[in-house]
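A.B. asks: Please construct the entire structure, taking both the sequences and the accompanying hints into account.
In order, the protein sequence lines correspond to chains A and B.
With the numbering used here, the residue at position 495 of the first sequence is 495, and numbering never jumps.
With the numbering used here, the residue at position 115 of the second sequence is 115, and numbering never jumps.
Treat the hints with care, since some could be wrong.
[What the hints assert, rightly or not] Far from chain A by the CB rule (all over 12 Å, computed), these chain B residues:
hint: 1; residue: Leu29
hint: 2; residue: Arg39
hint: 3; residue: Leu111
hint: 4; residue: Lys117
hint: 5; residue: Gln134
hint: 6; residue: Ile144
hint: 7; residue: Glu146
hint: 8; residue: Thr148
hint: 9; residue: Val162
hint: 10; residue: Gly173
hint: 11; residue: Ile177
[Claimed, not checked] Taking lysine-lysine and the PhoX-like style, the derived pairs with C-alpha atoms no more than 20 Å apart in a straight line are:
hint: 12; chain 1: A; residue 1: Lys183; chain 2: B; residue 2: Lys63
hint: 13; chain 1: A; residue 1: Lys222; chain 2: A; residue 2: Lys252
hint: 14; chain 1: B; residue 1: Lys94; chain 2: A; residue 2: Lys183
hint: 15; chain 1: A; residue 1: Lys375; chain 2: A; residue 2: Lys572
hint: 16; chain 1: A; residue 1: Lys186; chain 2: B; residue 2: Lys83
hint: 17; chain 1: A; residue 1: Lys68; chain 2: A; residue 2: Lys175
hint: 18; chain 1: A; residue 1: Lys252; chain 2: A; residue 2: Lys363
hint: 19; chain 1: A; residue 1: Lys375; chain 2: A; residue 2: Lys549
hint: 20; chain 1: A; residue 1: Lys183; chain 2: B; residue 2: Lys183
hint: 21; chain 1: A; residue 1: Lys186; chain 2: B; residue 2: Lys153
hint: 22; chain 1: A; residue 1: Lys183; chain 2: B; residue 2: Lys83
hint: 23; chain 1: B; residue 1: Lys103; chain 2: B; residue 2: Lys153
hint: 24; chain 1: A; residue 1: Lys186; chain 2: B; residue 2: Lys63
hint: 25; chain 1: A; residue 1: Lys175; chain 2: A; residue 2: Lys135
hint: 26; chain 1: A; residue 1: Lys45; chain 2: A; residue 2: Lys252
hint: 27; chain 1: A; residue 1: Lys375; chain 2: A; residue 2: Lys526
hint: 28; chain 1: A; residue 1: Lys572; chain 2: A; residue 2: Lys549
hint: 29; chain 1: A; residue 1: Lys583; chain 2: A; residue 2: Lys572
hint: 30; chain 1: A; residue 1: Lys45; chain 2: A; residue 2: Lys16
hint: 31; chain 1: A; residue 1: Lys68; chain 2: A; residue 2: Lys45
hint: 32; chain 1: B; residue 1: Lys183; chain 2: B; residue 2: Lys103
[Stated by the list, open to error] Label-pair restraints from in silico Cβ distances:
hint: 33; chain 1: A; residue 1: Gln4; chain 2: B; residue 2: Ser57; range: 36 to 44 Å
hint: 34; chain 1: A; residue 1: Lys183; chain 2: B; residue 2: Val170; range: 31 to 39 Å
hint: 35; chain 1: B; residue 1: Ser21; chain 2: A; residue 2: Asp522; range: 55 to 63 Å
hint: 36; chain 1: A; residue 1: Gly121; chain 2: B; residue 2: Glu20; range: 50 to 58 Å
hint: 37; chain 1: B; residue 1: Gly180; chain 2: A; residue 2: Lys186; range: 25 to 33 Å
hint: 38; chain 1: B; residue 1: Arg23; chain 2: A; residue 2: Leu193; range: 33 to 41 Å
hint: 39; chain 1: A; residue 1: Lys509; chain 2: B; residue 2: Asp31; range: 52 to 60 Å
hint: 40; chain 1: B; residue 1: Val73; chain 2: A; residue 2: Glu198; range: 33 to 41 Å
Simulated from the structure, these hints should not be mistaken for lab results.
All figures in this text were calculated on a predicted structure; none of them were measured in a lab.
Each residue gets a CB set at the ideal place from its N, CA and C atoms; glycine is no exception.
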Amino acid sequence: MSEQMSGAEMILRALKDQNVEHIFGYPGGAVLPIYDAIFQQDDIKHILVRHEQGATHMAEGYARSTGKVGVVLVTSGPGATNAITGLTDALLDSIPLVCISGQVPTPLIGSDAFQECDTVGITRNCTKHNYLVKKIEDLPRILHEAFYIARSGRPGPVVVDIPKDVQFAMGEYYKPSNESDHKSYKPQLNGDLGAIEEAVNLMTRAEKPILYTGGGIINSGKEASESLRELAELTGFPVTSTLMGLGAFPAKSDQWLGMLGMHGTYEANLAMHDADLIVCLGARFDDRITGRLDAFAPNSTKIHVDIDPSSIGKTVHIDLPIIGDCNNIILEMIRIWREKTNQNRLSASSVWWKQIEEWRDVKSLRYENSDEIIKPQFAIQRLNEAVKDKDTYITTEVGQHQMWAAQYFQFNEPNRFMTSGGLGTMGYGLPAAVGVQVAHPDATVIDIAGEASVQMTMQEFSTAVQFRLPIKIFILNNEYMGMVRQWQQLLHGSRYSSSYSESLPDFVKLAEAMGGKGIRCDDPAKLDDAIQEMLDYNGPVLFDCRVSKEENCLPMIPSGKAHNEMILPDTKDIGNVIDEKGKILV
Amino acid sequence: MNTNLQPSGSAYFITKPTAESERHTLSVLVDNEPGILARIAGLFSARGFNIDSLTVSETNHEKGRSRITVVTVARPKVLTQIKLQLERLIPVHKVHDLTQEGKCLERELALVKVAGKGEDRVETLRLADAFRAQVVDASTGSFIFEITGKSSKIEQFIALMVPLGLVEVVRTGVSAISRGSDKM
Numbered sequence: 001m002s003e004q005m006s007g008a009e010m011i012l013r014a015l016k017d018q019n020v021e022h023i024f025g026y027p028g029g030a031v032l033p034i035y036d037a038i039f040q041q042d043d044i045k046h047i048l049v050r051h052e053q054g055a056t057h058m059a060e061g062y063a064r065s066t067g068k069v070g071v072v073l074v075t076s077g078p079g080a081t082n083a084i085t086g087l088t089d090a091l092l093d094s095i096p097l098v099c100i101s102g103q104v105p106t107p108l109i110g111s112d113a114f115q116e117c118d119t120v121g122i123t124r125n126c127t128k129h130n131y132l133v134k135k136i137e138d139l140p141r142i143l144h145e146a147f148y149i150a151r152s153g154r155p156g157p158v159v160v161d162i163p164k165d166v167q168f169a170m171g172e173y174y175k176p177s178n179e180s181d182h183k184s185y186k187p188q189l190n191g192d193l194g195a196i197e198e199a200v201n202l203m204t205r206a207e208k209p210i211l212y213t214g215g216g217i218i219n220s221g222k223e224a225s226e227s228l229r230e231l232a233e234l235t236g237f238p239v240t241s242t243l244m245g246l247g248a249f250p251a252k253s254d255q256w257l258g259m260l261g262m263h264g265t266y267e268a269n270l271a272m273h274d275a276d277l278i279v280c281l282g283a284r285f286d287d288r289i290t291g292r293l294d295a296f297a298p299n300s301t302k303i304h305v306d307i308d309p310s311s312i313g314k315t316v317h318i319d320l321p322i323i324g325d326c327n328n329i330i331l332e333m334i335r336i337w338r339e340k341t342n343q344n345r346l347s348a349s350s351v352w353w354k355q356i357e358e359w360r361d362v363k364s365l366r367y368e369n370s371d372e373i374i375k376p377q378f379a380i381q382r383l384n385e386a387v388k389d390k391d392t393y394i395t396t397e398v399g400q401h402q403m404w405a406a407q408y409f410q411f412n413e414p415n416r417f418m419t420s421g422g423l424g425t426m427g428y429g430l431p432a433a434v435g436v437q438v439a440h441p442d443a444t445v446i447d448i449a450g451e452a453s454v455q456m457t458m459q460e461f462s463t464a465v466q467f468r469l470p471i472k473i474f475i476l477n478n479e480y481m482g483m484v485r486q487w488q489q490l491l492h493g494s495r496y497s498s499s500y501s502e503s504l505p506d507f508v509k510l511a512e513a514m515g516g517k518g519i520r521c522d523d524p525a526k527l528d529d530a531i532q533e534m535l536d537y538n539g540p541v542l543f544d545c546r547v548s549k550e551e552n553c554l555p556m557i558p559s560g561k562a563h564n565e566m567i568l569p570d571t572k573d574i575g576n577v578i579d580e581k582g583k584i585l586v
Numbered sequence: 001m002n003t004n005l006q007p008s009g010s011a012y013f014i015t016k017p018t019a020e021s022e023r024h025t026l027s028v029l030v031d032n033e034p035g036i037l038a039r040i041a042g043l044f045s046a047r048g049f050n051i052d053s054l055t056v057s058e059t060n061h062e063k064g065r066s067r068i069t070v071v072t073v074a075r076p077k078v079l080t081q082i083k084l085q086l087e088r089l090i091p092v093h094k095v096h097d098l099t100q101e102g103k104c105l106e107r108e109l110a111l112v113k114v115a116g117k118g119e120d121r122v123e124t125l126r127l128a129d130a131f132r133a134q135v136v137d138a139s140t141g142s143f144i145f146e147i148t149g150k151s152s153k154i155e156q157f158i159a160l161m162v163p164l165g166l167v168e169v170v171r172t173g174v175s176a177i178s179r180g181s182d183k184m
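C.D. replies: Here's what the structure looks like:
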């Protein structure tokens, strides 16, 4: 079945056939025909952003909170270059995006035309794949293929660069065909049964096992979180997760150890260090997780389940690799486990759990609260308390507040925590919250922010006002780029070079100037009421939460150290912890 | 300490590598589409992998396939990463590590320009004959030879030409194919 239409109309039709409901974009000369086509239809709603980086993070928030592909539309030249940060962010965090960019007309390509840039060249290394559409005949195939590639296998961003003459050209449109017929791209979804069987054998014999989970569980769909819960219950194994995987396993479970890694809990990191079997499900042994590589989990057998073969063995030697989709493999593990035994491997009274309880008793997330000044950890705990019965989505910026959110906010469901993990993009959270709110108009969407990060994409608050998106920006304002300051204290003799947030705006007035509501609170006794006021307001809010200025984010595995060499909250003189070798690390 | 520790897949590993680097020839079957070479070359530079030699040409016109032969030097873990990262590229169909998979044939072609007079010209021709190099152009003061063979043979020939008046050399880089009846 085919129909004649212009390239611009084809784009809109393809979006509709791909079940896209919202796109995030900004118009410009090279995408005018597409905007004209948007104007003449009602199926797809366009969210006008203030800066293209905002559009990419909104699409990321949208995608991560729904499991759908996020769609971005930008013009040529600066439109495309402004989208680079978000594309790279989506690549590192495996977020499915399709970014349609306008390009100067084909006869002008290569002539340094107005607003021309080599979009395909520039985005080659920050996308999963990209296309320059030179002929209208290729457009429908490429558009459908872009969606398939973005969402399948290890998801990621795909750029489709479309010259203006192709947008005007008339051609034949056809609907998506059998996508899995792609000639070279064939992601492996089912794990090798023999390997899974071997994995279960190892699991049934393990004395000190741990399930180490990551964003792959979330990308594998809600079913994967269900399967993970079942596997954990069946085996009795402790569960820890990376930043990207938070929520896949409920924080309220007794088997939950908290996040692991640089700012993970003592129990999670010590359990990783002492484990005899690590079952890695959809995580990638990132440097935030492993700490010092030559001392990482020295006595463990490692099973790694991942859909991306190149993630396996990249940093850490893996004894048993299993390539495939997490959910499929976990379901097979459960099936085989049940065939072998109907008993838990580990009961709560086992030696391993007793050991874990001892580590838990260290209470590595303890902090000294205050009646006079709001502690950032306390602020997040109160926020968590206030929203625990609500349908809540959390986004964050990057820095101390992000780690505190990961440590002190309890995530019990997947797709509820949107954060920039791999790239660490300050300014991610506010636009991501906009994207989440677009997808879930009735939910409570909160960006836990820092006063430095939030200023990077502050302009998108205006987008929230325009589209009546009642996002809540909860700024933990310590007047420092807190994580930079903390590292300067750790490594550079507390010389706080350029990490003080000078000339801060009055966030309350700023919110009002932009058409939202501003709230300020600096008194722990009034915090609960102020949070309630924020939640009750039906519109976007900037909450300026004044917190203690030089609080450190602990516990911490300092750079160059192993999991069992953590800095705990009561460590004195943290300026002397890291040695020369560790200083070069990030 | 970690008994399982092996050097990582990063080309820039922080500790001193314990394994030796090896020279491997990879054959990469790709769709012959614009930018494919940039994708491959970009991947190597972005991840710090070496390219010793790279050749590319279309090998199946109907299907639009090209075969790229890459010679690289890396430690075993990095070699695995190179292969897996190449396979991750969407237009890449297959990657074969020919060196690892057993016996393969490697050939390279070079054009070698040599200028000389008198006795040197006679000696040049005698050596060229021994190396089965063809004269493809000649003038009263120069020869251009076409020589095919293993890279080591070509290097040896070039070295011998240096004292006899070597002017310049162009080389195609290595093309490689597996021995036997198996298809890639």
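A.B. asks: Please go over all the hints and tell whether each is borne out by the structure.
C.D. replies: Tested hints:
{"no.": "1", "hint": "Leu29", "in the structure": "violated, 9 Å"}
{"no.": "2", "hint": "Arg39", "in the structure": "violated, 6 Å"}
{"no.": "3", "hint": "Leu111", "in the structure": "holds, 31 Å"}
{"no.": "4", "hint": "Lys117", "in the structure": "holds, 48 Å"}
{"no.": "5", "hint": "Gln134", "in the structure": "holds, 39 Å"}
{"no.": "6", "hint": "Ile144", "in the structure": "holds, 35 Å"}
{"no.": "7", "hint": "Glu146", "in the structure": "holds, 35 Å"}
{"no.": "8", "hint": "Thr148", "in the structure": "holds, 31 Å"}
{"no.": "9", "hint": "Val162", "in the structure": "holds, 40 Å"}
{"no.": "10", "hint": "Gly173", "in the structure": "holds, 23 Å"}
{"no.": "11", "hint": "Ile177", "in the structure": "holds, 21 Å"}
{"no.": "12", "hint": "A/Lys183 <-> B/Lys63", "in the structure": "holds, 10 Å"}
{"no.": "13", "hint": "A/Lys222 <-> A/Lys252", "in the structure": "holds, 18 Å"}
{"no.": "14", "hint": "B/Lys94 <-> A/Lys183", "in the structure": "holds, 11 Å"}
{"no.": "15", "hint": "A/Lys375 <-> A/Lys572", "in the structure": "holds, 19 Å"}
{"no.": "16", "hint": "A/Lys186 <-> B/Lys83", "in the structure": "holds, 16 Å"}
{"no.": "17", "hint": "A/Lys68 <-> A/Lys175", "in the structure": "holds, 19 Å"}
{"no.": "18", "hint": "A/Lys252 <-> A/Lys363", "in the structure": "holds, 16 Å"}
{"no.": "19", "hint": "A/Lys375 <-> A/Lys549", "in the structure": "holds, 9 Å"}
{"no.": "20", "hint": "A/Lys183 <-> B/Lys183", "in the structure": "holds, 18 Å"}
{"no.": "21", "hint": "A/Lys186 <-> B/Lys153", "in the structure": "violated, 41 Å"}
{"no.": "22", "hint": "A/Lys183 <-> B/Lys83", "in the structure": "holds, 19 Å"}
{"no.": "23", "hint": "B/Lys103 <-> B/Lys153", "in the structure": "holds, 18 Å"}
{"no.": "24", "hint": "A/Lys186 <-> B/Lys63", "in the structure": "holds, 18 Å"}
{"no.": "25", "hint": "A/Lys175 <-> A/Lys135", "in the structure": "holds, 17 Å"}
{"no.": "26", "hint": "A/Lys45 <-> A/Lys252", "in the structure": "violated, 38 Å"}
{"no.": "27", "hint": "A/Lys375 <-> A/Lys526", "in the structure": "holds, 13 Å"}
{"no.": "28", "hint": "A/Lys572 <-> A/Lys549", "in the structure": "holds, 18 Å"}
{"no.": "29", "hint": "A/Lys583 <-> A/Lys572", "in the structure": "holds, 19 Å"}
{"no.": "30", "hint": "A/Lys45 <-> A/Lys16", "in the structure": "holds, 11 Å"}
{"no.": "31", "hint": "A/Lys68 <-> A/Lys45", "in the structure": "holds, 15 Å"}
{"no.": "32", "hint": "B/Lys183 <-> B/Lys103", "in the structure": "holds, 14 Å"}
{"no.": "33", "hint": "A/Gln4 <-> B/Ser57: 36 to 44 Å", "in the structure": "holds, 38 Å"}
{"no.": "34", "hint": "A/Lys183 <-> B/Val170: 31 to 39 Å", "in the structure": "holds, 35 Å"}
{"no.": "35", "hint": "B/Ser21 <-> A/Asp522: 55 to 63 Å", "in the structure": "holds, 59 Å"}
{"no.": "36", "hint": "A/Gly121 <-> B/Glu20: 50 to 58 Å", "in the structure": "violated, 36 Å"}
{"no.": "37", "hint": "B/Gly180 <-> A/Lys186: 25 to 33 Å", "in the structure": "holds, 26 Å"}
{"no.": "38", "hint": "B/Arg23 <-> A/Leu193: 33 to 41 Å", "in the structure": "holds, 37 Å"}
{"no.": "39", "hint": "A/Lys509 <-> B/Asp31: 52 to 60 Å", "in the structure": "holds, 56 Å"}
{"no.": "40", "hint": "B/Val73 <-> A/Glu198: 33 to 41 Å", "in the structure": "holds, 34 Å"}
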